[in-house]
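S.K.: Each chain, letter by letter, is given below.
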Amino acid sequence: MATLRITDEGSVVDSQPKGEEISLAQWREGARPEAGRFSLSIPNTEDIDGLAEIVARFDGVILEFPHFTDGRAYSQARTLRERLRFKGEVKARGAVLCDQALFMARAGFDALEIGDGDPAGFIRALAAYSVFYQPAADATAPARVLRGAKREAA
Amino acid sequence: MYRYDEFDETLVRERVAEFRGQVARRLSGELSEEAFKPLRLMNGLYLQLHAYMLRVAIPYGTLSSRQMRRLAHIASVYDKGYGHFTTRQNIQYNWPALIDVPDILDELADVEMHAIQTSGNCIRNITSDPFAGAIAGEIDDPRVWSELIRQWSSLHPEFSFLPRKFKIAVTASAEDRAAIKVHDIGLRIRKGADGERGFEVMVGGGLGRTPYIAETIREFLPERHLLSYLEAVMRIYNRLGRRDNKYKARVKILVAEDAAEFRRMVEDEWARSDKDSLDAPLDEIRRIRRHFTPPKFDRLAAESEAFDAARAARPEFDRWVKTNVLPHRQRGYAIVLISLKPIGKPPGDISARQMDAVADLAERYSFDEIRATHEQNLCLPHVRKDDLFAVWRTLDAAELATPNIGLVSDIIACPGLDYCDLANARSIPIAERIAERFADPEEAADIGELKVKISGCINACGHHHVGHIGILGVDKKGEEFYQIMLGGSGGADASLGVITGRGFSSSEIVDAVERLIRIYKANRDDGERFLDAYRRLGPETFKEALYGDAAHH
Amino acid sequence: MKAITANRLYDGVVLYVGPNGGFVERFEQAALFDEAAANAELEVVLTRDTAIASAYVIEADASGPIGREALRESIRRYGPTIRKDLGKQSEAANERL
Chain D
142 MATLRITDEG SVVDSQPKGE EISLAQWREG ARPEAGRFSL SIPNTEDIDG LAEIVARFDG
202 VILEFPHFTD GRAYSQARTL RERLRFKGEV KARGAVLCDQ ALFMARAGFD ALEIGDGDPA
262 GFIRALAAYS VFYQPAADAT APARVLRGAK REAA
Chain B
26 MYRYDEFDET LVRERVAEFR GQVARRLSGE LSEEAFKPLR LMNGLYLQLH AYMLRVAIPY
86 GTLSSRQMRR LAHIASVYDK GYGHFTTRQN IQYNWPALID VPDILDELAD VEMHAIQTSG
146 NCIRNITSDP FAGAIAGEID DPRVWSELIR QWSSLHPEFS FLPRKFKIAV TASAEDRAAI
206 KVHDIGLRIR KGADGERGFE VMVGGGLGRT PYIAETIREF LPERHLLSYL EAVMRIYNRL
266 GRRDNKYKAR VKILVAEDAA EFRRMVEDEW ARSDKDSLDA PLDEIRRIRR HFTPPKFDRL
326 AAESEAFDAA RAARPEFDRW VKTNVLPHRQ RGYAIVLISL KPIGKPPGDI SARQMDAVAD
386 LAERYSFDEI RATHEQNLCL PHVRKDDLFA VWRTLDAAEL ATPNIGLVSD IIACPGLDYC
446 DLANARSIPI AERIAERFAD PEEAADIGEL KVKISGCINA CGHHHVGHIG ILGVDKKGEE
506 FYQIMLGGSG GADASLGVIT GRGFSSSEIV DAVERLIRIY KANRDDGERF LDAYRRLGPE
566 TFKEALYGDA AHH
Chain C
233 MKAITANRLY DGVVLYVGPN GGFVERFEQA ALFDEAAANA ELEVVLTRDT AIASAYVIEA
293 DASGPIGREA LRESIRRYGP TIRKDLGKQS EAANERL
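Residue numbers (this note's numbering), protein chains in the order written: chain D, 142 to 295; chain B, 26 to 578; chain C, 233 to 329.
Bear in mind the hints are in silico, worked out from the structure with no lab data behind them.
Predicted model only: the values in this text are computed from it and were never measured.
Hints are supplied without guarantee of correctness; some may be wrong.
Said to hold, decoys possible - Derived pair list, reagent style DSSO-like, types lysine-lysine, alpha-carbon separation capped at 27 angstroms:
| id | chain 1 | residue 1 | chain 2 | residue 2 |
| --- | --- | --- | --- | --- |
| 1 | B | K321 | C | K320 |
| 2 | D | K291 | B | K190 |
| 3 | B | K300 | B | K190 |
| 4 | C | K320 | B | K370 |
| 5 | B | K190 | C | K316 |
| 6 | C | K320 | B | K62 |
| 7 | B | K568 | B | K502 |
| 8 | C | K316 | B | K273 |
| 9 | D | K228 | B | K300 |
| 10 | B | K568 | B | K501 |
| 11 | B | K190 | B | K271 |
| 12 | B | K501 | C | K316 |
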């Protein structure tokens, strides 16, 4: 599956899986990460707050978009980043369309399974905005912070 | 008024560019209609019966003359010479071509306007009191907080794909002119025990298939925590709102199931949230507040001789003053309501020529300010009493001086089956015929305050549940029928109307309304409104008037 | 009988499938089908034509749309009942067509 990885230096596509994957259901049946890289895939109906100790044992988390209008994984991603301080890769899977890519990046995703989507379209969409009104899980400063900085500079 | 800075301007221009790209991808065939539909809806573009419909946001109903002129220009150049003001303080164009919409959006961006989030399952246009900054008794200016919420909610990365649409309304008065209790979130600015300012937070109101009055989940929220608290409400809703059935997806369903549990979850989420990061810095709130400093009012006498003389000399002017002019907080000024309900015409419609006339009046007489009300009228918020006669003459010449605000012909009606793809029955012809039946202004004044609200389908865009008389159009085997609901109110005394019984055909419905009004007039106490008489007398009296003895069998 | 109606993609205008399979703007020029033929033709239209925003089958006879959706389809055919100056019913539109 082609994956777009969003980094500070830009976005790149690769099709190599990064390590192994364990689903939350498998974890609950006793599966555990062993040596090497492991990601945990979590259904979008789970309350992430309750999974802090589990996700801490993984290198990555995979969150699901069963349909692109189902936005529950945005809340999960922000909770992972902002409250659980998860530093590993957070990957979006399922209905991942370029028109939602920037929302995903701002919510804390840094990898998108784009399937046969056009990488150039995704990269364009990720750069569609230079101004954001609200703080989120990414590193961009919202307009209100930039306004304050501008006032101080003046 | 709020004015864009470079950041606001850039964001809106980038949104236009993004949408232009999406339209191009659709026209080239790269995007299917299925993929494009949610994208166009997020920018207020619907496909209706005859054409597309573009809904333009008017944040908390506030417009400048320049903006109104641009709306007129768009109506003339890209549409069929008119627009339609909605119950959400927005304006809709009924005939734009898809290929023109990006250009229309650029025209709007030129005057600091947009169509962002006027549809779709996201946080919609923030609505508020149309008299903000003009009416006496406000605890604060609700526009400051409405603008703060507007910015926070625009293109929010977490809350753009909610289970369903989400509407937030703000008011700062005891009297509720924004129908906050029938919104997903209603915010009432109030003073706390120690004089501190904050919000009463109400959640879970709404109309549609299952109407509810909102529950107060927090009596007092300190104002500095507004955004972090809204984030907590939205996150609980995004996580737990139903997605399997669109009629059960609004937050009202979650709240109605267990309001105490909903409140507990929100409070728990909020307790754990990073308020320092989420709440707006004080200097940002101060920056926004500076845009809403009161205009430079003249120091005037409370009374105006010219005004009093004109009232005495011109009975039509006097009648209009009685219904369409309200007291202002500033001595010597008044609030003017412009009725968009001329007798026998579609409620809320306004021609480009009329828009220009309103813009001219606002520029000359109202500090360049216009408001749209949720009752589909317009307002000039700051007019000197000395100027009222001149304003009335101009409005009258533009056919904008119908003296019927709050009266039986000031009807809220959705576009209905004449335009809307979702409608089951027509609304506008019913509104026109009721208004014609009570066209005599003496009679309408005698009937007094009476809110008639008409929807052409269960989605309730015409707010029929909160009409003193609510009318719901339904389809019965291909024929239009109209159900009557009585006793609803969208005000501070909010209540939901109760259905009376069997529906009426299109040819029966106006007579039925007349019977209700006759029984009210026969039974009312001195000065008692229709709604109060209904509440006192109970439904049976009115049912009997509608159905005769049949109501008892 | 059935007809097939659509809205044109670039401006939303109401269309009907005409006798030669192409689209026409007036119901008077629309082709009538029996049910099976209408459904087959709709499939063709939906797979072939990207220049429409929606398409579906309606009940109709030579006089116009009939059945349960007759009022709705009649409003689409002519224009809003409360603005006779707008839509296909208006003189300006008739001259253009």
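S.K.: Find the hints from earlier in the document that the structure breaks and name them by number, from lowest to highest.
M.R.: 1, 2, 5 and 8
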